[in-house]
Every structure is written in C-alpha cells, then in structure tokens.
Amino acid sequence: MGRAMARRRFLALGGGLALTGGLSACASPVVSGLTGAQPNTADVLFWNLFTGGDGANMVLMEDAFRKAHPGVSLEATILSWGNPYYTKLALATASGTPPDVGIAHLSRLPLLAASGLLEPVADTGVTELGVTPDRFTPAAWRKATVDGTVYAVPLDTHPFVLFYDVDLARKAGLLNAAGDGLKPMSGKEAFLDALKAMKDAGAQYGAVMSITADPSTAWRCFSMVYSGLAGPVVSDSGTRVTIDDAAMEESFAFLRSLTSGGLMPGSLTGAGANALFSTGKAGFLFDGEWQIPAYRLVKGFHFNVVPFPALLGPKPVAYADSHALVVPRNSGRSAGRTHNAALLIKSLLDDSAVWAQGGHVPAWLPTQRSRAFLDQSPQRNYVQAAFSAVYDPVAWYTGAGSDFQNTVGATIIEVLAGRLTPKGGVAAMRADLKRYTTARPPVTMKEGATR
Amino acid sequence: MSTVSTVTTTTRPPSGTDGGGRTVDPAKMFNRLCATCMTLFALIWLVPFVWAIATSLRSDGAITEHPTSLFAGGWSLHAYRYAWDNYPIGSWYLNSLVISALSVVFTVVLCSMAAFALVFLRFRGRAAILALVTAGLMLPSEALVLPQFIEYRSLHLLGTYWALVLPYAVAPVSVFVFHAFFRGIPMPLIEAARIDGASWWRVYATVAMPMCRPAAATVAILTFITSWNAFLWPLLVLNQTKAQTIPVGLSSLVSPSNIQYAEVMASSVLGFLPLVAVFLVFQRQIVQGIATTGIR
Amino acid sequence: MTTVASTRPASTPSRPAALDHRTPSSERRAGLLLSAPFVLVYLVFVIGPLLIGVVVSLFNTTTVKSGLGEWVGLSNYTKVCADPLFWQAMWHSVLFTLFTTPPLVVLALVFAVLAARIRRGRVFYRIAFFAPYVVPSSVVALIFLWIYTPQVGLAPKFFHAVGLPVPDFIGSTSGGWTAVVLMTLWWTFGFNFVLYTAAIQDVPSDVYEAAAIDGAGPWQQIRFITVPLLGRTTSLVLILQILASLKVFDQIYLLLGGGPDQSTRPVIEYIYDTGFTSYRGGYGAAATLIYFAVIVAISAVWYGLRRWRATRAAA
Chain A
0 MGRAMARRRF LALGGGLALT GGLSACASPV VSGLTGAQPN TADVLFWNLF TGGDGANMVL
60 MEDAFRKAHP GVSLEATILS WGNPYYTKLA LATASGTPPD VGIAHLSRLP LLAASGLLEP
120 VADTGVTELG VTPDRFTPAA WRKATVDGTV YAVPLDTHPF VLFYDVDLAR KAGLLNAAGD
180 GLKPMSGKEA FLDALKAMKD AGAQYGAVMS ITADPSTAWR CFSMVYSGLA GPVVSDSGTR
240 VTIDDAAMEE SFAFLRSLTS GGLMPGSLTG AGANALFSTG KAGFLFDGEW QIPAYRLVKG
300 FHFNVVPFPA LLGPKPVAYA DSHALVVPRN SGRSAGRTHN AALLIKSLLD DSAVWAQGGH
360 VPAWLPTQRS RAFLDQSPQR NYVQAAFSAV YDPVAWYTGA GSDFQNTVGA TIIEVLAGRL
420 TPKGGVAAMR ADLKRYTTAR PPVTMKEGAT R
Chain B
0 MSTVSTVTTT TRPPSGTDGG GRTVDPAKMF NRLCATCMTL FALIWLVPFV WAIATSLRSD
60 GAITEHPTSL FAGGWSLHAY RYAWDNYPIG SWYLNSLVIS ALSVVFTVVL CSMAAFALVF
120 LRFRGRAAIL ALVTAGLMLP SEALVLPQFI EYRSLHLLGT YWALVLPYAV APVSVFVFHA
180 FFRGIPMPLI EAARIDGASW WRVYATVAMP MCRPAAATVA ILTFITSWNA FLWPLLVLNQ
240 TKAQTIPVGL SSLVSPSNIQ YAEVMASSVL GFLPLVAVFL VFQRQIVQGI ATTGIR
Chain C
0 MTTVASTRPA STPSRPAALD HRTPSSERRA GLLLSAPFVL VYLVFVIGPL LIGVVVSLFN
60 TTTVKSGLGE WVGLSNYTKV CADPLFWQAM WHSVLFTLFT TPPLVVLALV FAVLAARIRR
120 GRVFYRIAFF APYVVPSSVV ALIFLWIYTP QVGLAPKFFH AVGLPVPDFI GSTSGGWTAV
180 VLMTLWWTFG FNFVLYTAAI QDVPSDVYEA AAIDGAGPWQ QIRFITVPLL GRTTSLVLIL
240 QILASLKVFD QIYLLLGGGP DQSTRPVIEY IYDTGFTSYR GGYGAAATLI YFAVIVAISA
300 VWYGLRRWRA TRAAA
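Going line by line, the protein sequences match chains A, B and C.
Following numbering that gives the first Met the number 0, the numbering of the first sequence begins with 0 at its first residue and continues without gaps.
Following numbering that gives the first Met the number 0, the numbering of the second sequence begins with 0 at its first residue and continues without gaps.
Following numbering that gives the first Met the number 0, the numbering of the third sequence begins with 0 at its first residue and continues without gaps.
If you are wondering where the hints come from, they were derived from the structure by calculation, not from laboratory data.
Heads up, a few of these hints could be off.
Straight-line C-alpha distance at most 27 Å; calculated DSS-like pairs for lysine-lysine [stated by the list, open to error]:
#	chain 1	residue 1	chain 2	residue 2
1	A	K195	A	K314
2	C	K156	A	K433
3	A	K170	A	K66
4	A	K433	C	K64
5	A	K182	A	K195
6	A	K314	A	K422
Sequences and hints are given; from them, build the entire structure.
See the structure below:
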C-alpha cells in the first residue's frame, strides 16, 4: 500500500510538472481556452478544403504570401471537402472562433450569408486594396452578391467542360484547321454526330462520364443541358418548384439517348471513366476542368478541353461553380487582423495564375487577362464559360456537396441507367424537390440581385 | 475459481499427470481448452494495436508493395517525425490534458460534496436531489447536443474549455460512487468529529474525504478516460485547429482516400499511447472501478 | 481487490432518513451549501438543455444565429414524424443495436465464464480485452480504416486467405455494417467482459465446491450455477448495451459518414445533419426530443420491470 501510494504521488507530481511545463510553453492558447478569447495562434488563420493538385497549388500561394509579408504569420488548415467543411465553418463562426479567411463555394453562399455568418466584403477593407467589382468576371461577382450585399471575393470559376482525345478527334475529322480546337458545332444533332464519329474512329465509346455513386457529376451535366431550355428548377429562394416539365423531359430524353444508343456507358465509376478516356477508348469525357491535372500525369496521352457547345437551346450554357474567399464574422476580430485577412485575400487573387494551373479560370480579371494565364492551355480555351456560367439555384439547401445535389443526382443517375423513363424522371425530380421546398428554411432569404 | 479446479481434481482419483495419462481428467481438459481459446482470442484482440504500431514504423512505399510482410523495407521513426511536424499534436495533447484534468478536479469536488450531503445530512430537497441523480443515470444526455449547443452559444461558452468541463463535472455516476462509499463510513466517526466541534465542512474535508481515497481514485480515473475520449461534443464546441482535443484533431485524418498509411498510423499510435499507458499503470483500479459503478 | 472490498461497504449503518423538526439548522444549511454547486451546475448544464430543447422545438430557430426565430407550434414535430429519412435513421440506430448487442453480451458472458476457469493469465486477458476501450473512437476508426483498406488492408487479406468473399467494407451498405460492427465489437467488448468477470467473482466458491462434490462437471457447473447466478448482471449489461448502442454516432460517422447514400446514418447523425449542417435548430430539437422520449421510455420499462421482479421476489 505504501509503495502504491508513493507511486501515485510520484505520478501526480510528474503529471503536475508536465502540466506546468506545458502551460508555460503554450500559455496563450490555454489561457484563451479558459477565458474564451480568440486563440491567436497566428496573425491570420485560413481554412480551405483543398487536397491533391489544388491543395499543392494553394500551399504555393500561401508560401508566396508568407514571403511577401514576412511580419504576418499565416496558419492554414485543410478540412474535409463538402458538408464537414461547411458545418465546421458555421459552428466555428457561431462559437466566435472562426478563421480570418475561409474558402467557400459561391453555390453555398446564400445560406452562409443569410445566416449572418459572413462579414460583408465592403467591411473587410479589401476595396481599399483595389478589389473592386469591375475587376471580376461579372457572373461570379453577381453570384457573390446576396440580397444586394457582396459577401465573398470570387477566386475562380470552374465550369463543367468537354474533354476530348486529340488523336481520336483528328481521326474522326472533328479538329479545326489549326488543330487546336474542335470544328464549330451546335445543337444536339451535331453533338450526337460528333460522338458517333469518335466511335467510328475506333473508340469503344463516343463519350464517358462518371455516373455510378457520383450524383454531383450527374447533376452538373443535367443542369447544363436543362439550363439551355429553362430557368432554375426551384425559385423564390428555393421555396417553389419551377420545373418546366417539357424541357426537363426533353433533357432527360437527350441524356438517355446517349446511353441507350451505346454512345456512352449508362453506369460507370469515376475510375472507370478515367481508365477508358486516358487509354483512348473514349472520344469525349464530360467532367469538371479540375480533372485536367490528373490527365496531364498520363504519359503520351493527348487531350484538349473546350466548353460544351449549345445542345438543346440556341446558346451554349456552362454549368459552373466558383471558389471564393470569405471573411467569417467575428465580433472580437481586431482591425489589425481584419487588415491581415484583406492582405491575404489580395495576395491570393494576385497569385491566381498559380491557382489556374489546377484548371480553374481566375475570376480576378487582371490575372485572367495576363500572359501568365493566357499562356496556359487548355485553360484559356474555356474562359468564355465563366461568363455564361449557370450556378446552382439560390436556396438554403443547394450547393457543392450538398444533400440536394446527392438527392437529385441520384434520380438523374436512374434515368441515365434507363431504370426510369424521362417522364418518370420528371415526376421523381418533382418529388425530390418537393421535400426541400416544403421544408421550413432555417433562415429567411430574399432573392435579390443574385440572378 | 482456482479453488474450483483443485477441488475437482482432488475429489476424483488422480488420473495420470500432465501429458501422457491414458484417462485424462475431463475438467482439466476443459480448462486447458478454455485457456487455449481465450489466449487465442486475446491475441486476436491485440492484433489491431500491433498492426498499427508495425505500420507506423514502415515506409508508405514498402507498405503498398508488401502490405502484410512486416519486415519488408526496414523500420524507421520517420512517420512519427512527419506526424508530429504536420499536425499540432502537441497542442491537442495539451488541450486534452487541461480539459481532462479540470474535469477530474471539478467532478471529484462537486460530486463528493453532493454525495456527502446526501448521505450524512438532513436538509430540504434531499429527496428531490436523490431522485434527480437517479433519473440522471438513465438520461442520454449525449443526445441533447443540439439544445446544449444553443444554450452554450447564448452563454458565450462555446470555444472555451468550460464548455467541455462543466457538463462532464456533474456525472450522476460519480455521485453514486461517492454515495456508496460514504455509506460505508461508520456514523459514530462523523458524530465524534461533530462533538469535537468540527463544522460540517471540516468533517467533509478532513474526515470523510481522506477516508474515501479509493472512491476518489475510481471517479478520477473514469472521469479522465471519459473526458479524454469524448468525441461528438468537443467536435461541435472546439473548432479552432489548435484548440481541439486529441480525438477530434485526429478525426480530421480519417479519410478513405488518405494513402499515407505510415503517417496516419503513427498519429494513431500517438493518439492511443497515453491512455493505454495510463490504463496499464492503473488497470486494476480502472477495471474494478468499472465493475463497481457498472455504468460508463 | 482492496478497492472493491472497500468501495462495497460491508455494513450499512442507519442513516438520517427523514427530515424532522429536531434537525439542527446548521445541518440543513450545510446540506444545502454542500449540494448546491452540484445541483446548480446540474440544473444549468444538464437539465437546462432539455428545457431549452423543448422551447426551441416550438420555434424555427437557426442553430448558428442568436434569437429563437418565429413561433411554429408543433409543426416541427409533425414534420419530423412525416420525414421518412428520420425514421430510416431511427431504424439504422435500432439495426446497429440489433447487430451489436447479441454478440457483445453473449461473447462477453462466454469469455468471462471461460476466463474464470483459468488460473493464470487473468491480468493478460483483462489487458487484452479492455485496452481497446480506453482508446478514443477516432483512433479506433483510423486503425480500422487502414485494416479495411481494399487490396492492402489486413481484413481483405484475411477474408481472401480463408476463402470468404471480400466485402466492400467502406463502399457498400452491407460491407459498411460489417465493418462498423466488427470495429465496435473490438472496441467495446472489454467493458461487458469486465462487468461479467466482476459478477462471477461475487459467486461464492463454496457453491462450486458443493456442486463438485455432487459430481457436477465443469459444463454443468457453468450451466446450472454460474449462468443462472448472472441473471441480474445480464439484465444490467443488456440495458447498458442497448442504451449505448442506440446512442451510436462516433463509429458510423467516422468510418462511413453515414453512407453510402445515407444507408447507415444513425439518428444522432440525422440530428447532426439537420441541426448543424443545415442550421435547422428547431427542427433538430424536435427530432432530438422524439428520440430522447424513446430512450427514456426504454429505460423506464427496464427500470419498471426490475422493480416489479424485485418486489415479486421479495413477496
């Protein structure tokens, strides 16, 4: 017993020593944890959700900021993409311990802004640094505006685009005279002909797309096709279903005609699409431009990327989203920290040619019009897509990685696979949307200048 | 139980010694079978630990090439260095330590005081408090995180250690452990102290508390483990990167697409080592504490 | 042993039971003062959220915004009850309970009974089985995610080696349940094992001696003495296990994220998703309270049954 007691005392003493040692070493975060003040672990805290190629580019841009502002320490944290990130951002802001700068998709902005989680851009001091509306892609800037107030500084536009295999396209006679793009085409007939030509040129499939367990990609593709014919599927801040039944049925029928005719596989995983396209077994790939870095890694594979042509409507439509920089609201943030946040935002914009390496179109016009960007191919091919971008409809439940995308995407996958008729697809879509439009929004939103 | 087997063997005619007897004692056989079975399962139970440690000492390339041959590619501590440099594990440790230590102190003080009052003192509301604590044993307070979050937000407690310490400091189980123990203290002892002129507070602090060290140890250890391992509530409350606890911080590494196996396993080993060490030192007390309280 | 002996009082001396007019005021005051800190913190931080939950569930409260929002009456409750996703999530929690409770209770009983027959190595078993219980859930998830990794993980290799079809542990619903159940078994098994071991040690050894003299073999001893005497413990282990399993969140959230396609999402994650990811505080509070009521009902039924049995046994 005595020995046990001695051992316990010794352990308690050791623990106490370790605790005091640790306390004095990292006193400030501990004290702030006890008092509830913002833990100032760095002069500017930055949260993002980028891994892989985008993540590496972001680290380069962060390093450039550190180099340019040696007196300002930057702490960058990468969180899991999608709902976990947005949940964390919201909870941190509600707790009064948000980062100073965060990344947000513009499609997720309406809810963040309407919940009062974001600082209006005008209050962050970036305007004084030259960040003004006239220097951004107008579609992105409009989408950054919620109810008349701008809440985010767009960093890029990342559209859903058309990848093609250059060798197959040449064989199929689809290349233009210069060989740096496709011959102009318009309308669904021309598009179907192009797919057939690819197949005739020796490809197993005219086109491929990631479908299985990938509702977001299905939704992006569908959204692009449907938007050529009709307006958003929900309106009045997402409280009313505004489906154009005829247009939706036509869109579904068109997509189904791709898979039912053998031009495109009706069920394929992302890895499968990658394998088929990168080995010359598919002429086209429908995907986001962020896949460019992945295909660059394939040795001896020649591909190019162009915006989608007009399919069902008279004009080409690009489904897109934008990464943007936001300043989460924090009543305790000092003017100095806010200024650091503004400096970081400006620095990231100025560096967005690095960001464009990931395939994205910079929203910052000084970069978009610079040599550093215009020399990047194929990125320069689809700059126009950023200007004709169609985003997710404005609602509290839409946006990148949201349940909404998963739900409607699942219905679209059913149609692509032929398990639902185009007509049945319309009914299923209406039922999906109804679940969201009839749910009570957690915040009241006014649909302002966002459209 | 040792008595069982000796009794069984001695009540029967000795049937050959270990090894080559013609008629083997079925009881002995049975026990030997038990031992083999149990040892096998116990070893299986240790596999994840061993596997994690072994993986953490290898290099990612060797792991992908020869996943199951533990010695291919040599061993090194590189992954630990990487994990320590890339994740603020030091800060996470410190947060966990401070939160758990505060929880222990508050739990022991608050719960022992309440239990002392409930056992030795007559006062208005005693029955109500007892009922409240009994009911609290069964209430799934973890399920209430949403209203809890809303309450703490309006009290401006989110993002502080207190948000984690306060709800854990009033575990009804701990009151019951002290309650059960105080009931074992002879009443004359308390009365004698009172006759000597000691105030109730002095009786509590200088007579009752020193006698209930074992109960305090049980409560302290169990509170420490519970509070160190808590996940959902700290996930909601502490959001700043360096303000997180070990479990929440490490949860950010959970991703099926993470292929840095060695680094992730090194972080896991760093995550379980302190508690497993605490467990190995105090395993007797911990296990008996669980057995006596019967409630997590 | 010493701890057990001393925390379990041998005798229960008479205690001051009822308050009467002879109780000195100093004692009353001391009682209030000593219990006040606990009661205050308990009321504010444990009972408080319950009451706030009731209030908030009647409003359209935004989780991340101060203020209650507009009054909506009971409509949050009707909407929760009408949402098939809520009931699916409830079912997933029940399913998890059905999957984990039988093995966790039965295996713990079997192992504890077997371990009790072995003289040596008890500390080793205790350490091996209980050590996982002190490991944080996220660390358990990290280790098991690695074990479940397709192609290179230990579990697929093992399944392959013994000739079983390798399930898609993370990508499919059935594989996901397998993964979560195996992980939970490993993680929490030790707790029940310890409870049973302690209960077996309380069985007086002369009962066995008597049985052995009567010629009862080891199997008969287990069958007719140990297991029946563990009835009360089994009842406790069972209810603790059911309550704990119905509260499942960590394992499923960490390992599967409630997926694939929300097919394993437990009810706490449903509350998390609606209340925190979508900020629907009022709605989430309504879901919380419905779930809370179910748990309290189960506890109450168990408690009632136990009382009823106890009184019947006494009578």
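Hints, one by one, checked against the model:
no., hint, in the structure
1, K195/A <-> K314/A, "holds (22 Å)"
2, K156/C <-> K433/A, "violated (46 Å)"
3, K170/A <-> K66/A, "violated (49 Å)"
4, K433/A <-> K64/C, "holds (26 Å)"
5, K182/A <-> K195/A, "holds (15 Å)"
6, K314/A <-> K422/A, "holds (25 Å)"
Hint check: violations occur at hints 2, 3; the rest are consistent with the structure.
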